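From just these sequences and the hints, can you work out the full model?
Chain by chain, the residues:
Number of protein chains: 2
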Amino acid sequence: MKIGWIGTGVMGNSMCAHLIKKGYNAFVYNRTESKTQFLASLGAKVCSSPAEVSNNSDIIFSIVGYPADVKDIYLGDNGVLAGARHGSNIIDMTTSTPALAEKIYKEAKNKNIGSLDAPVSGGDIGAKEATLSIMVGGDEETFNKILPLFKLLGKNIALMGGPGKGQHTKMSNQIVIASTMVGVVEGLLYAQKAGLDQNKLVDIIGQGAAASFSLNNLGRRIINKNFDPGFFIKHFIKDMGIALEEARRMNLSLPGLALANQLYISASAIGLENLGTQALYKALSHINSVKGD
Amino acid sequence: MKIGWIGTGVMGNSMCAHLIKKGYNAFVYNRTESKTQFLASLGAKVCSSPAEVSNNSDIIFSIVGYPADVKDIYLGDNGVLAGARHGSNIIDMTTSTPALAEKIYKEAKNKNIGSLDAPVSGGDIGAKEATLSIMVGGDEETFNKILPLFKLLGKNIALMGGPGKGQHTKMSNQIVIASTMVGVVEGLLYAQKAGLDQNKLVDIIGQGAAASFSLNNLGRRIINKNFDPGFFIKHFIKDMGIALEEARRMNLSLPGLALANQLYISASAIGLENLGTQALYKALSHINSVKGD
Chain L
238 MKIGWIGTGV MGNSMCAHLI KKGYNAFVYN RTESKTQFLA SLGAKVCSSP AEVSNNSDII
298 FSIVGYPADV KDIYLGDNGV LAGARHGSNI IDMTTSTPAL AEKIYKEAKN KNIGSLDAPV
358 SGGDIGAKEA TLSIMVGGDE ETFNKILPLF KLLGKNIALM GGPGKGQHTK MSNQIVIAST
418 MVGVVEGLLY AQKAGLDQNK LVDIIGQGAA ASFSLNNLGR RIINKNFDPG FFIKHFIKDM
478 GIALEEARRM NLSLPGLALA NQLYISASAI GLENLGTQAL YKALSHINSV KGD
Chain U
238 MKIGWIGTGV MGNSMCAHLI KKGYNAFVYN RTESKTQFLA SLGAKVCSSP AEVSNNSDII
298 FSIVGYPADV KDIYLGDNGV LAGARHGSNI IDMTTSTPAL AEKIYKEAKN KNIGSLDAPV
358 SGGDIGAKEA TLSIMVGGDE ETFNKILPLF KLLGKNIALM GGPGKGQHTK MSNQIVIAST
418 MVGVVEGLLY AQKAGLDQNK LVDIIGQGAA ASFSLNNLGR RIINKNFDPG FFIKHFIKDM
478 GIALEEARRM NLSLPGLALA NQLYISASAI GLENLGTQAL YKALSHINSV KGD
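Chains as they are written, first to last, in the numbering used here: chain L, 238 to 530; chain U, 238 to 530.
Because the hints were derived from the structure by calculation, they are not lab data. A portion of the hints provided could be inaccurate.
The list cannot tell twin chains apart, which means a pair is met if one copy fits it or any two copies do.
Straight-line distance between alpha carbons at most 30 Å, and here's what the computed DSSO-like set of lysine-lysine pairs gives [unchecked claim]:
{"#": "1", "residue 1": "K471", "residue 2": "K430"}
{"#": "2", "residue 1": "K437", "residue 2": "K392"}
{"#": "3", "residue 1": "K239", "residue 2": "K282"}
{"#": "4", "residue 1": "K430", "residue 2": "K346"}
{"#": "5", "residue 1": "K365", "residue 2": "K258"}
{"#": "6", "residue 1": "K308", "residue 2": "K430"}
{"#": "7", "residue 1": "K462", "residue 2": "K475"}
{"#": "8", "residue 1": "K437", "residue 2": "K343"}
{"#": "9", "residue 1": "K462", "residue 2": "K343"}
{"#": "10", "residue 1": "K430", "residue 2": "K382"}
{"#": "11", "residue 1": "K528", "residue 2": "K340"}
{"#": "12", "residue 1": "K430", "residue 2": "K340"}
{"#": "13", "residue 1": "K437", "residue 2": "K475"}
{"#": "14", "residue 1": "K348", "residue 2": "K388"}
{"#": "15", "residue 1": "K282", "residue 2": "K392"}
{"#": "16", "residue 1": "K437", "residue 2": "K388"}
{"#": "17", "residue 1": "K340", "residue 2": "K471"}
{"#": "18", "residue 1": "K340", "residue 2": "K258"}
{"#": "19", "residue 1": "K382", "residue 2": "K437"}
Predicted, not measured: the structure shown is a model, and the values here were computed from it.
Shown next, in the form of structure tokens:
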């Protein structure tokens, strides 16, 4: 079976490599062609457009940056749908808008092409170790066809409902994380001001009702002044923007998400957009003129 | 060795009972005397004032409602310090203000009495099962004397620094929880609006970067429409009030905590103060005219 892979950044490179190593022939495309070198070295054929990828493939995956990129890649001239064959399947793993996922699903269906939205969580490490969580929206029939390939990429995989429901699930995930990060950062900042040993703090509160992945992992990175990106602030701001827009569309007020978004924008304003989400600590330290960096 | 116990509510009853069962003679006091019946049935002597408790005890514990109660009990006429003997030790386990803990420590020290602030987390179940986390502020010497008794009440016990540092640790804990709860509630509410199965949502996002005690425990209670108090909203509002006042005193702006506090006040405004903190879901549903109850 031939697969296509569009978007060969940190995530896409690791994910596509897993499939190639299992024997799939891969046709790959990236806007910046040099970024396909790694996969080419594994035997992938480099294509010059998304349409060329889809014309050669039975299943086409994509994981790119922004919803606008997803739209271009699927619906643009020389896009995936322009080249895709009847009976093929397209799987967008970008974190993007539910509305766009529904639109692509409909246009694909008209051409007898299966479509899933399948955003992931777990970051670069999850991609490398094939331990991603994969949140899928679309038809059960298509899901069942693709499931064996998803299992080569992740370990926690669920069909959450029809088209767009994978994206909605990812939005819920990001909404939970947004305010959780605010709580972690504020709790640690309070501790610093109050003269507590932050490591001892996480030792004692990180096992009880305050426990979270954010506290026990990103909190420790904050304490160690490690602000390297596991997940970029600029990407988190994109995701929160999508979630806020979807919530507005559903007539849903989410004050915590709105505040978290504003705080992350303030982080971006002082030049932290290419650091990890835990660098919100630096932004709140800055607001408070606390030495946090 | 004789112990005193002031405050025989849900927490105090379970905690004092552990000590009585290990052979300590207990002198107990509660403002509402009828609430001492359970401990009296275990052999505790019921006293008519905090001073009578302290005059009969080597180590005096307290766990009551509000900082004003702590102040009355320790510093009032017929208070603990009025009756306490030289060389005794006083341990306040109420979640109260760091400033009050420092004040009691100083007044106690003048009378050659050891003092610790030792608030707990883990709730009624932690008290019953002796699995509380105990966050202690005060002198190391006093801490080491009391540690064997703490070990009968909890399993995660740490001296966090001098007087008040136990309370500061508890405040950090509550600050982390406050915004984490906002994130959990907003994520679940978004999911409801988007038509997701909330249990499937927690199944898939509750293992990754969004994982928290709040999501995996209180989130499940929300989904099951169980809003019974593990921890009362009215007590959480008290704690957030203390944390905000302490932060203001330290010139520290914590916008996430301030928002969480306002949202919990709105929950109280619609009569939810005697439900558990997870009932914030009902308040946010109410704001959004979503059926959340």
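(message) If the cut is 30 Å between Cα atoms, do K430 and K346 qualify within a copy, between copies, both or neither?
(response) between (57 Å within a copy, 26 Å between copies)
(request) Give the relationship of K528 and K340 under a CA distance limit of 30 Å: within one copy only, between copies only, both, or neither. (result) between (47 Å within a copy, 29 Å between copies)
(request) Pop the pair K471 and K430 into one bin, within, between, both or neither, using alpha-carbon distances up to 30 Å. (result) This pair counts as both: shortest intra-copy Cα distance 28 Å, inter-copy 27 Å.
(request) With 30 Å as the alpha-carbon cut-off, assign the pair K462 and K343 to within, between, both or neither. (result) Classified as neither; 47 Å inside a copy, 36 Å across copies.
(message) Regarding K239 and K282, is the shortest C-alpha distance of 30 Å or less found within a copy, between copies, in both, or in neither?
(response) within (11 Å within a copy, 81 Å between copies)
(message) Within, between, both or neither: how does the pair K437, K392 come out at a Cα-Cα threshold of 30 Å?
(response) between (33 Å within a copy, 15 Å between copies)
(message) For K430 and K340, with the copy left unspecified, which applies at a CA distance of at most 30 Å: within, between, both, or neither?
(response) Answer is between; shortest inter-copy Cα gap is 20 Å, intra-copy 50 Å.
(message) If the cut is 30 Å between Cα atoms, do K365 and K258 qualify within a copy, between copies, both or neither?
(response) within (13 Å within a copy, 54 Å between copies)
(request) Have a look at K462 and K475 and pick one of within, between, both or neither, based on CA distance no larger than 30 Å. (result) Result: close within a single copy only, 25 Å intra versus 33 Å inter.
(message) If the cut is 30 Å between Cα atoms, do K437 and K475 qualify within a copy, between copies, both or neither?
(response) between (34 Å within a copy, 25 Å between copies)
(message) Treating 30 Å as the Cα threshold, decide for K382 and K437: within, between, both or neither.
(response) So K382 and K437 pass the 30 Å test across copies only (21 Å; inside, 49 Å).
(request) Please work out whether the CA atoms of K348 and K388 approach to 30 Å or closer within one copy, between two copies, in both situations, or in neither? (result) within (27 Å within a copy, 68 Å between copies)
Of the hints listed earlier, those the structure fails to meet are numbers 9 and 18, in rising order.
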